Amino acid sequence: MSTDDNAAGTAEEAQVEVVDTFDDTIWDTVNRTLRAVDVRPERSALDLIIHIPHADIIRGLRMLKQDADLQFNYLRCLTAVDNESEGIDVVYQLYSVPKNINLTVKTTLPNENKVIETATTVWKAANWLERETAEMFGVSFSGHPDPRPLLMPEDIDMSDTYPLLKSHPFAEIDVLQGEILGHDRDAEGEG
Amino acid sequence: MVVDTSATEFETQDLLLNVGPQHPSTHGVFRMVLEIDGELVKDLVPYIGYLHRGAEKLCENNDFRQGIGYMDRTEYLAAHNAELSYVMAVEALAEIEVPERAQWIRMILCELNRISSHFMFLGAFGVDVGVFGTPFIYGWRERERIIDLFEEISGDRMMFAYFRAGGLAWEVPLNFPERVREVLESARQGVKDFDGLLTQNEIFIARTKNVGVITADDAIEMGMSGPTIRASGVPLDLRKTEPYLQYDQISFETITADGGDVFDRYLVRLQEISQSIDLIEQCLERLEDGPIMPEKMPRMLRLPEGEVYIRTEAPRGEYGIYMVSKGGNKPHRLKVRSACLSNLQALKQMCVGQYVADAIIVLGSIDIVLSEVDR
Amino acid sequence: MLPTDQLFSDYVPVLIASIAGFILVISALIGSRLLAPFSEEREKGTTYECGMLPLRRASTNVGNRFYLYGILFIIFDVEAVFIFPWVLTFVGVGPLAYWTMVTFVAILGLGLAYAWKKGALQWR
Amino acid sequence: MSTEIFGFDGVNVWVDGLVRVLLIVGFMTVVVMGLIYGERKILARFQQRLGPTRTGPVGLLQSVADALKLVGKEDLRPRNADAWTFELAPYLVFVPVFLGFVIVPFVLDWQVRILELGLLYFVAVTGINIVGWIMAGWGSDNRYAMIGGMRAAAQGISYELPLVLSLLAVAMVVEVPSDSATGESLRGSLNLNEIIAAQAEIPNLVWQPLVLIVFFIAALAELNRTPFDIPVGESEVVGGPFVEYSGIRWSMFFLAEYAALLIMSLIFAAVFLGGWAWPAGLFQDDPWPRWAQALLVTGKAGLFIFMVFWVRASVPRLRIDQLMSFTWKILLPLMFAQVLINGLVLVYDWPEIVLTVTGLVGVLVLVMAVDRAVRHPRPRPAPATQLEGEAAS
Amino acid sequence: MRGILKSLATTLSTFSRRPVTRLYPEGHRDLPERDRAFPVLLWDKDIDEPFCTGCHACERACPVECMTVTMTDNPNHTTNDGNSKRRKIVDKFYIDYARCMRCNICVEVCNFEAIAMNNTWQGHETSVYDRADLVMDLPQLLVQSKAKQLEEWVPE
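Sequence order for the protein chains is A, U, P, Y and D. Going by our numbering, the first residue of the first sequence is number 288, and it counts up by one from there. Going by our numbering, the first residue of the second sequence is number 3, and it counts up by one from there. Going by our numbering, the first residue of the third sequence is number 17, and it counts up by one from there. Going by our numbering, the first residue of the fourth sequence is number 36, and it counts up by one from there. Going by our numbering, the first residue of the fifth sequence is number 2, and it counts up by one from there.
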């Protein structure tokens, strides 16, 4: 599959933009490496972002790691972004120690089936990061060697609620402050 | 083996030893369960999460100024460095140009914070190795002086909340350079003390050399960073590889060691203190008067859509902020890439096959801050 | 004074001291009984496991390899007991006594060397 | 059967013994409290701290306050603990140490008893408390305690040997005036008074420098002091065998520890520094008043104690395997060699300077052996995978 | 051996130095001017009323939501024959010191310079037996400024 093929799926302007903008990045090399995969580039404030379909993600990552020109042998960070109705992005921040280049790999999972292959087969560093992502976003990483929760309590079952999803409520803490308490004290003072 | 024990009825069992979260050489609330055979560690299962406060979720529900305070609390031993990553992420997304003076001051403060954090490590590590209290007080002594300086600048001793997107919250005091030089002078003495106390001590060397070895390849594979990976011989220092602030303007060398053992991690950190002292002196020479905030700063910052992964070299390694903005005054997603979390993954590999006592110092040598691991 | 009397007089304080030692500990414990608070709470009866509940009983067959040291210790301690009387007399007896002891120590030294070679001195 | 005490003649042996033991009890309690306070103050100074300051002037009453607090603390016993072992352990740790005081020479002609086999008695009695340590470790049903107890046992028995041999080596060279008729002198004595008297001219540290160092090291180990505090290593096994002990029961261990330190320092002063005897034969004919002698002994013992504290403030803890290798592979052979060399010198009546020379050579060997061990560390015991295989075989 | 001797020499050198610790409650270190303890309200000594108008700016900006402010009409306003120019004034003000994270944001957002971080030792030594006692009300927040025990430092 070539660049033109996957660009064909996007809008006409976007295709022009692709050709124009990514010359100064490592996009060419990445694209050449990931010939067999459907890739789409994007630009972030610092690094190049590429989107890979979630079915091909591990294949793509492994290619990126093994390619002699890229050698992305260092996994900086792995996390997910909850885009609510548009599914969940799983984001891999890669770095190549020998080449000193960075790359962000993104893949989008649909909300109804948040399953993705584990990246621990590519980098061991993915282990805990995936465990954290799994418990925080409900993304399940198939084939993970140690799929226990990492940060969430062991003794409470948190398997149906994922704190970092936008649907998870924020701060339902009973706040000891302000009005109620203050008024009580005033009442005591008066009475 | 001289004696074959397997065939007898006195078959020994492996002992499960629970280390932490409360005491053994309390490195925050970290718990590991060691499976030990005699004194040898056969397996190790780390448990974290006792300090999970959902800092990321909090930051996603707070605006960009409010988030700074929470960043302090993720990395309480090097809060300046944590803030730096955060404000740099905001600046990168909002495309704010930070005035040069603010950058130099940020550098000075971050390096000072690195010194204080490393002193803290040296102290705690000395206690892990078994010197009763002395290194702890040495480390604390130097850290205290630096913290006093921070207090004079920012007003708080640990949770500075001093950096702002665009620059600094307010100007440093007038006697700032002199005070920094004073502190550096005492830090030099601190390095000398530590050097005399530990570096050449035979017992210390015997305890730490060849203990908890991790090779360069493994370290990269595990995603380790900071002094822990540099001790394995990987020159991965973000200040050098991807210079931020004004690090490309000053001269320094990445400090590495090639043993990859506990001793080298100690040594790298000790040398980094001296290096940071150097760096700060260079910074002080370059420090000039000027504004500390860009002239046009909106009262309430609103970011355009976009995302960025900012990484800076914190004392414990790469402190990354992955920030996704969908517009508005709050980040849509904020992920803190914790150096300690990644470093800690390698703990098992470093400890298995070692003695129980080694497991403790290997843990100490990673220099974890649990609030950063759990966030 | 007769030697037995002397011996008796010498070691009476040892007896007294051992009794006194016991009494000291017992009296301290009794004092604590009287002064200190006591409460029966189940939680207090658990052993310290760094804040976690104990995983399982600790007093099990634990593979501590120190019995080898134990055996070596007994051998060498017995030897030391032999050396004690020798120390006091060998100068008077002369070179023969000395060389006998050298032989004795040499044999034991060979034993130590053997154990060393075989790795018995490698703590695990 | 009667003896003399404080100028009273013909006192019953039992009464005499009782009075002396009671005096020792008082002495020990006061001095141990002082030692605890001293250790805290001295360590604090090594660490640029102030140390205890609150209780009494400059914190002088800190130990008293501690003792009161400990008596008033609840005395807990874990539910799963082995009752008898747990309860008996403090006795077995404390009593043997206390027994050691019987032979300690404080000043000229004042000690509980002058035993002919003083040194033998000392090593025999103090060796018992290892049993107490194991009992404490085992009885607590606590993993840290158990590991600590095992470590204590291994360490205790291993360092017992260099300690015994070092005392033997000194005992060998002691010159004892035998029958006054012949004017001849014999060699070798285990009587501490004779050992001190023999050092009236030159203390033993001149003749036996190696032995002095080995004794110091072994004493540190026997006392579980840094760098040999492996059984109680706070950062590894929390408090070792004493984790589960609280209140007064725990303080018994503490008391025993410091009492042992006190005894060891007095023995050290007597055996190597000449106890109450002034060096170079000063004041030999005209013995000093007892208080001055006591001062001298205090100074000499204080030197040892200060060294122990100083080392504690400066040196990391060894690991258990290094500790074992050190005694079995370095100290023990060295001490055997020293004993045999001493014998050789004495039997063939060679000049005494040979002792000093061989001792110094021995020190050199010790230093070089340590340096070599540090420079060429042993390969790691076994990688994880091999370990599994070996354990399975 | 040399290394151990060096260690001993190092500790001996610190033995001879002055201790770096101090007796805490007896001897207080001088606090820097910018020291931040907890926020307190300032008292307008000229007009004899708090600077605070109860405008909710700090309440909204607080990241930990530790503040509660209510506003009322100023009885001392010039329209009521008073000498104050503040039309509105603070009625009730609660700060939960247990929640406050001392980030200084309230001071920065305040338009009236009515709030400052306490930079005295009193601000630090706030231990109480009950957490409810850490919720400070208006008189408690004003007491220091009213008694002129505070030399407030407000950035810029």
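Careful, some of the hints might be misleading.
[Claimed, not checked] In the DSBU-like style, the derived pairs of lysine-lysine whose C-alpha atoms are separated by at most 30 Å in a straight line are:
| # | chain 1 | residue 1 | chain 2 | residue 2 |
| --- | --- | --- | --- | --- |
| 1 | D | Lys46 | D | Lys89 |
| 2 | P | Lys133 | Y | Lys76 |
| 3 | A | Lys393 | U | Lys332 |
| 4 | U | Lys242 | A | Lys393 |
| 5 | U | Lys211 | D | Lys7 |
| 6 | U | Lys332 | A | Lys453 |
| 7 | P | Lys60 | U | Lys211 |
| 8 | A | Lys411 | U | Lys59 |
| 9 | U | Lys298 | A | Lys411 |
| 10 | A | Lys411 | U | Lys242 |
| 11 | Y | Lys76 | P | Lys134 |
| 12 | U | Lys59 | A | Lys393 |
| 13 | Y | Lys76 | Y | Lys104 |
| 14 | U | Lys298 | A | Lys352 |
| 15 | U | Lys211 | P | Lys134 |
| 16 | P | Lys60 | U | Lys298 |
| 17 | A | Lys386 | U | Lys350 |
| 18 | U | Lys44 | A | Lys411 |
| 19 | U | Lys328 | U | Lys350 |
| 20 | A | Lys401 | U | Lys332 |
| 21 | U | Lys298 | A | Lys401 |
| 22 | Y | Lys364 | U | Lys211 |
| 23 | Y | Lys104 | P | Lys60 |
| 24 | D | Lys149 | D | Lys46 |
| 25 | U | Lys242 | A | Lys453 |
| 26 | A | Lys386 | A | Lys352 |
| 27 | U | Lys59 | U | Lys211 |
| 28 | U | Lys350 | U | Lys298 |
| 29 | A | Lys386 | A | Lys453 |
| 30 | U | Lys44 | Y | Lys76 |
[Said to hold, decoys possible] Calculated Cβ distances over 10 Å to all of chain A for the following chain U residues:
| # | residue |
| --- | --- |
| 31 | Gly56 |
| 32 | Glu99 |
| 33 | Thr201 |
| 34 | Glu320 |
Think of the hints as simulated: they come from the structure by calculation, not from any bench. The model shown is predicted, which means the values in this text are computed figures rather than measured ones. Note that beta-carbon positions come from the ideal geometry of N, C-alpha and C, so glycine has one too.
* Asked: Straight-line Cα separation of Lys298/U and Lys352/A no greater than 30 Å?
  -> violated (43 Å)
* Is the straight-line distance between the alpha-carbon of Lys104/Y and that of Lys60/P 30 Å or less? -> Judged against 30 Å, a Cα distance of about 19 Å means the pair holds.
* Asked: Holds or violated: Lys393/A with Lys332/U, Cα cutoff 30 Å?
  -> It holds: about 22 Å lies between the C-alpha atoms, which stays within 30 Å.
* Holds or violated: are the alpha carbons of Lys59/U and Lys393/A at most 30 Å from each other? -> holds (21 Å)
* Asked: Regarding the pair Lys332/U and Lys453/A, is the alpha-carbon distance no greater than 30 Å?
  -> Given that 30 Å is the threshold and the Cα spacing comes to 13 Å, the pair holds.
* To do: Could you grab the alpha-carbon distance between Lys76/Y and Lys104/Y and see if it respects the 30 Å cut-off?
  => With Cα atoms ~19 Å apart, Lys76/Y and Lys104/Y stay inside 30 Å; holds.
* Hint consistency between Lys211/U and Lys134/P [alpha-carbon to alpha-carbon, up to 30 Å] -> Status holds; Cα separation ~25 Å.
* Asked: Can the restraint linking Lys44/U and Lys411/A be considered satisfied, given a maximum Cα separation of 30 Å?
  -> holds (20 Å)
* To do: Compare the distance between the alpha carbons of Lys328/U and Lys350/U with 30 Å, and conclude whether the hinted pair is satisfied.
  => violated (39 Å)
* Asked: Taken at face value, is the distance from the CA of Lys59/U to the CA of Lys411/A at most 30 Å?
  -> It holds: about 26 Å lies between the C-alpha atoms, which stays within 30 Å.
* Asked: Does the claim that Gly56/U lies outside the interface with chain A hold up, using a Cβ gap greater than 10 Å?
  -> violated (6 Å)
* Within 30 Å, alpha carbon to alpha carbon, are Lys298/U and Lys401/A? -> Answer violated: Lys298/U to Lys401/A is near 44 Å, above 30 Å.
Taken one by one, the earlier hints fail for this structure at numbers 2, 7, 9, 11, 14, 16, 19, 21, 25, 27, 28, 29, 30, 31, 34, listed in ascending order.
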